Amino acid sequence: MAAGLWALLLLPLAAAVYEDQVGKFDWRQQYVGKLKFASLEASQGSKKLIVATEKNVVAALNSRSGEILWRHVDKGTPEGAIDAMMIHGQDAITVSNAGRILRSWETNIGGLNWEMSLDTGSFQVASLVGLQDVVKYVAVLKKAAISLHYLSNGHQKWVEHLPESESTQYQLLYSHGTGVIHVLGIVPQSHLNVLTFSVEDGEITKQIRVAAPWLKSLNGVCSVVGEAVLVCMDMGTRSLYVCSLETEQEMKQIPLQSLDLEFADGFQPRILATQPNVISPSRTQFFLQLSPSHFSLLQYKHGLLSHLRDFQQAALVSFATTGEKTVAAVLTCRSELKPGSSDDLHAGSTLEDSRKQESLTCSNQTYNINLYLVETGQRLLDTTITFTLEQSGAKPQQLYIQVFLKKDDSVGYRALVQTEDHMLIFLQQPGKVVWSREESLAEVVSLEMVDLPLTGAQAELEGEFGKKADGLLGMFLKRLSSQLILLQAWTAHLWKMFYDARKPRSQIKNEINIDNLARDEFNLQKMMVMVTASGKLFGIESSSGTILWKQYLRNVKPGSSFKLMVQRTTAHFPHPPQCTLLVKDRETKMSFLYVFNPIFGKRSQVAPPVLKRPILQTLLLPIMDQDYAKVLLLIDDEYKVTAFPATKNVLRQLEEIAHSIFFYLVDAEQGRLSGFRLKKDLTTEESWEVIIPTEVQRIVTVKGKRSSEHVHSQGRVMGDRSVLYKSLNPNLLAVVTESTDTHHERTFIGIYLIDGVTGRIIHSSVQKKAKGPVHMVHSENWVVYQYWNTKARRNEFTVLELYEGTEQYNATAFSSLDRPILPQVLQQSYIFPSAISAMEATITERGITSRHLLIGLPSGAILSLPKALLDPRRPEIPTEQSREENLIPYSPDVQIHAERFINYNQTISRMRGIYTAPSGLESTCLVVAYGLDIYQTRVYPSKQFDVLKDDYDYVLISSVLFGLVFATMITKRLAQVKLLNRAWR
Amino acid sequence: MNLFIMYMAGNTISIFPAMMVCMMGWRPLQALMSLSATLKALESSSRRALQGLVFLVGNGLGLALALYKCQAMGLLPTRPSDWLAFVAPPQRMEFTGGGLIL
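Chains as they are written, first to last, in the numbering used here: chain A, 4 to 988; chain B, 100 to 201.
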């Protein structure tokens, strides 16, 4: 009992935020991801657009501001993938999980109307089905079956098996309110199977076979126009084939030459048709795409094919309908489209060549959108939207149009454009950007925080000392002028403070832009450099979340791996800060470096080395060249090392310290860890190798320590006042393996602590009946990891701590090559009530503040757990000494207290990582959590011991102080008078 | 009496024992500092040197006692743990880098 009480007293009180602190230091940005489907409601007054994205999100966006009205996040795995989305009135119907789940959403508030689970079978296509002017059903076509469901409640009306489903691939579904559904299947290079189902009972009313030996697939190549007329395109014969599904049994060939149209070689043509309403026939007009930038508007009516209009330089086309009017929107480049781009970000790489085929860039990045009436192909007057994208060169990828009739019966419209870099732009006539969203931020892969530069005034002061003296008077004048600038800045600051103080906090807008960017007193405000999976880089100001710069790397393929390094910080004025991004393509294995200024986002003048071989890993050395840039070493697949920068100075320094530079490479596929030593000629030789047999276990994570970490205390004071020295091996790696056997009785995880220089295994343990995913934090002298215990069926934490003992072997220098004594390893495990999705430890400037673990939970909360709770020295039976040491008695369960959530109710969907950075204040650590959302805040693991509290009562203190001074003065005067009087007496 | 007070005060650090220890250390120090004045008072004595020596030794003993008490209370920085905050981190001799192959 007493011990428990003691423990309660010792627990650091959780510092939850106060109500008025909400949003003061933290912000959250929510994203939806790259669009897969979008629907813009077709009326002028509508306020929302419904989107379904590749991140498995269904959401509604406010069309006036771009904000998220509601959002539903499904599983991040392929199980949550959305296959189709249809809009019917106020409802959005989605098919997800490879056609297994059918859902209907109420689009106004985002509620779920109903949900139905469907039979298995690979999903092909879904479509709304109408009957006699009412849309009542939704049809879902799978590989071997078609089912029809009521829109009102999702119940199944009927399900029918498709004949010959083994040989036939059913790919198209068509109905136009006549009481039948046409299902089109194809036997590649043989024939088409056209089934006609009755909507009422699902009976096959007609089954025809159309010979089409030239056809391989229906997707994209074929479309249904008009009243169930199938139009297909054939590359071989360069002609169109048409066939009425209801009346004909043969395909009619129409050579394209008759229309004076030509194909681009090697391009798979596409046909785009539109059916504005499922209860009426499709439009007879359709687009034929002949080359990446060449579209033709054609019409097939009454058995006649006619050519309406040609679009030579079109990037994208789209149909839209309002009322009776259907229009085609065409997005064109203002100047000519050019194949490829020579001014690319890096020279001589093979990455570009493969992309050339599809890359048609618009030289000045200015685009036009025009509307054309589909019936005639006439251009509608005053319907041009002109907009300019950033020069970085992402091209539009998708175009969605919202058309409405104005009061004077003319057509007005808005356009939603999605570019290659996942940016959404919502445009209004005549080219006004209503809003834009950076959806690539939904997938941040790498992140660094960089100090902001000094203000102009501070820089002026710095510059004064940097320059050579030019006479006594000159220096004096310079000093005076810089002091004057400081005074000016200070008065401006005071004035702003005074001005702002009169307004409520919500109204104060601290406009931050790239010009007034400056470091604050405590360096709490930093620049967040984010690398996203799409290859777009962002510079985000950390206190407000404003995007200050963005840069799209065009030649980055999806799935590339990135490594971001800060080579020079802002501390070396006048040299600009410098970040280097290593991008490695997953397929071609080729890598390139992109060097940029992290504050302004500009590409650096410094030319990075051309990397001829694939790079395996990098090492950022603490040595600097004469321009204060840290030296980056890149090791390639021939184990040769490239240095960047590679000046003579650097090479000389490298030669001197080459014997103390080591690389470790971990090949997870072959289960091989190997160490390499750098030689003077920048080649390497292998110094050690550890094989972990892949048949039994595979390596899942390898973590070293953060090089920027400071450890203030070299040991721990014991109860008897002796010191237990920490084993702080900076070269230590923690390697986690998982067993290949996943049976719950035989599964295990392995933990290896390996010295990166010598390859010596310092500690290894196997945890039986444990399963991944393993999350691990490796810092100071401890490793914390979390796993699933299959026997007890719960999540567990294990903490390992390494100590040298009560004597330090060598207190002045640490060398892995001279370590005769193995460290003592202490270990303890705890039960954690939840799974976790990300974990990181706080970090502070000098390492004095106690450490907390930041644990991202699947619920989206971030738990701040004191490291003192995960301490292997926690005694089972508390003794006098352990009490002296402030050790909390061991209890196996670690509880989740809601007041330890640092993000209160600002949950982060699908958290993938937490990044921590020290600030200028020792007490404060900056935290960024990223996933689908981005959240930034500050944490104070030992509370704010070095700053006055937010609610510190300045007025009271100063008034008391002044009062006392005043009282002293008065009493002094009184005493004097009294003394004088007494003297007279 | 000093010994008894010290024994009773115990080895925990709280305000009263600390005050006592301070007093105990301070008084002999004060006495030693006013050594010349004491010696002047003893000028008339015949065995001046011996008396002075006894005074010195007595006060020295008192001081030693106070120091011993400090030591027992753990107020003297004699253990490595007292100097831990000033231990500089060892210098790193090797640099390593790498990780999973990109």
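No wet-lab data here; the hints were simulated from the structure. It should be emphasised that the depicted structure is a prediction, and the values quoted were computed from it without experimental measurement. Glycine residues also receive a C-beta, built at the ideal position from the N, C-alpha and C atoms. There could be a bad hint or two in this list.
[What the hints assert, rightly or not] Between beta-carbon pairs, the in silico distance windows are:
| no. | chain 1 | residue 1 | chain 2 | residue 2 | range |
| --- | --- | --- | --- | --- | --- |
| 1 | A | 902 | B | 106 | 43 to 51 Å |
| 2 | B | 181 | A | 815 | 31 to 39 Å |
| 3 | A | 977 | B | 122 | 36 to 44 Å |
Tested hints:
1. 902/A to 106/B: 43 to 51 Å: Hint holds: Cβ distance 47 Å, inside 43 to 51 Å.
2. 181/B to 815/A: 31 to 39 Å: The hint (31 to 39 Å, Cβ to Cβ) is violated, given that residue 181/B and residue 815/A are roughly 20 Å apart.
3. 977/A to 122/B: 36 to 44 Å: Since residue 977/A and residue 122/B have Cβ atoms about 37 Å apart, the given range 36 to 44 Å holds.
Against the hints set out earlier in the document, a violation occurs for number 2 only.
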